[in-house]
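Chemist: Letter by letter, the chains look like this.
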Amino acid sequence: MILRTTIYCIKQGIINIKRNKLFSLASVGTIAACIFLIGLFFAIVMNFQYIVKNAEEHVGITVFFDEGTEQARIDEIGKQIKDMDGVLSVEYTSAEKAWEEFKKSYFADSPELAEGFKEDNPLANSANYTVYIEDISKQSSYVREIEKIENVRNVKYSESAVSTMTNFGRFVGYASIAIILVLLAVGIFLISNTVMMGISVRQKEIKIMKLIGATNLFVRAPFIIEGIVIGVIGAAIPLVLLFVLYDRVVDFVMSQFHALSSIVSFLPIYSVFVYLVPISFGVGAGIGLLGSVASIRKHLKI
Amino acid sequence: MITLDHVTKSYKEGTYALNDVNIEIEDGEFVFIVGSSGSGKSTFIKLLLRELQPTSGKIIVAGRDLSRLKSGQAAKFRREIGCVFQDFRLLPDRNVYDNVAFAQHVIGVSKKEIRKNVPPLLTMVGLSEKYRSLPGELSGGEQQRVALARALVNKPKLLLADEPTGNLDPGNSWEIMKLLEEVNNQGTTVVVVTHNLEIVNAMEKRVITMKKGVKVSDTKQDNLIVRN
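Chains as they are written, first to last, in the working numbering: chain C, 201 to 502; chain S, 1247 to 1474.
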């Protein structure tokens, strides 16, 4: 009997959607608009965090050695740093390479000025490692560790870049949570209003059901099924839209702003959708469910 | 079947819908509750359906003390009672067959059983030809007959009818009354709330008269008094 009643309730929920076409369309539209905004924002936030993360990974710690440190010892220090947890990569710049790069940067227009230093590399003690780490917010603790290593003369890092990026990343994180919560609240409010409108139209039907002897669950179940189905459809529409739009928008941004393409890269659609699909369906079904449950509650008191 | 023991129903404003009412209705009886507007007739039906709770006193229907019923039990209790209302209360988007079958779906009867149970009732109320019609396509009398079929399909022990002829012409009113009498003859207790005194007088059944929330007469008791 429970199975029979369950099947009946599911059927009724789906039939209700067809019966109340206008109400169903309004609800689907409301949820779709809400999830589209959430999805859009989510995709922007994910890409933003990806870009910040990429930028963070390019902020390095520069490690200099004591004067006269032999190459073998330098190699050893390099290995020691590489073995630290969370170190992404270690790049070595020899004194010669450092001088070459310096020349390129500062004497590119008048190379004859650099000729004076031909036999005497002014950056003889500038051999260094550039260390890239996973979590830039932990940079100062890495610096302390590296400073303890024997023959390490100096460790340079950009404290302001680190704190700016960390703070900015944190701000974006909090802001995104706040905006998504506001969107969710707006979504639940809108859908419960729409469901409430639909229910007030069907108040008579609910009362008849109750007087005939329907349990609260029996009355509620079709509305819940209806809410979930509407929520899932409402989530599927913006997902399809976002899927179609995502690559086009990324291509457009890259083609319109050439300068950006060398600095930033966007996440592939798969990386965004692997989170966005379950979130959207969850949010859609959740909004539908909550909206239905909240709106029907007061009509059951007979 | 029904016991009202010193039942009072009052509202916040201090008005009394029912005031210290005592009524006893036996199994298989046919009873009319009559009275003018504001006499407490509708409150009486609402109390029996547990739509309302009394302010004081005890109500027992079909062996259940309604004040002790929890809302989950109220649903099961209502399945033992059939109700017919003045405004029919049919589902406008479902046809005659589905409106009657709906009461069976509510209690979890299988489709096969429903197909067996509904047609005889539609025949009994004279609507077997119109099983596909929507309520809006039927006359008032026909709609009330659908409501009656729905009220009877779960074989209730008690049938409550709240002004069942209130929206009907005399011809249809009589047809409904004949059907109610037929149901009563098959053993169902029938309680009809009405202000149609012509029908009440013609039916020669027990009549309880209410006025301003108080029971002012009961033909059964009056007869007893006469006999005593």
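Honestly, the hints are just simulated from the structure, not real lab data. These numbers come from a predicted model, not from an experiment. Mixed in with the good hints, there may be bad ones.
[Unchecked claim] Cross-link-like lysine to aspartate or glutamate pairs, in silico, DMTMM-like; alpha carbons within 25 angstroms at most:
#	chain 1	residue 1	chain 2	residue 2
1	C	K297	C	E267
2	C	K498	S	E1450
3	C	K221	S	E1383
4	C	K501	S	E1388
5	C	K404	S	E1383
6	C	K338	C	E267
7	S	K1403	S	D1339
8	C	K407	S	E1272
9	C	K501	S	E1409
10	C	K221	S	D1344
11	C	K211	S	D1339
12	C	K404	S	D1273
13	C	K498	S	E1383
14	C	K407	S	E1444
15	C	K218	S	E1409
16	C	K407	S	E1450
17	C	K407	S	E1375
18	S	K1457	S	E1428
19	C	K407	S	E1326
Chemist: Provide an ascending list of the numbers of those earlier hints which the structure does not satisfy.
Modeler: 2, 4, 6, 7, 8, 12, 13, 14, 15, 16, 17, 18
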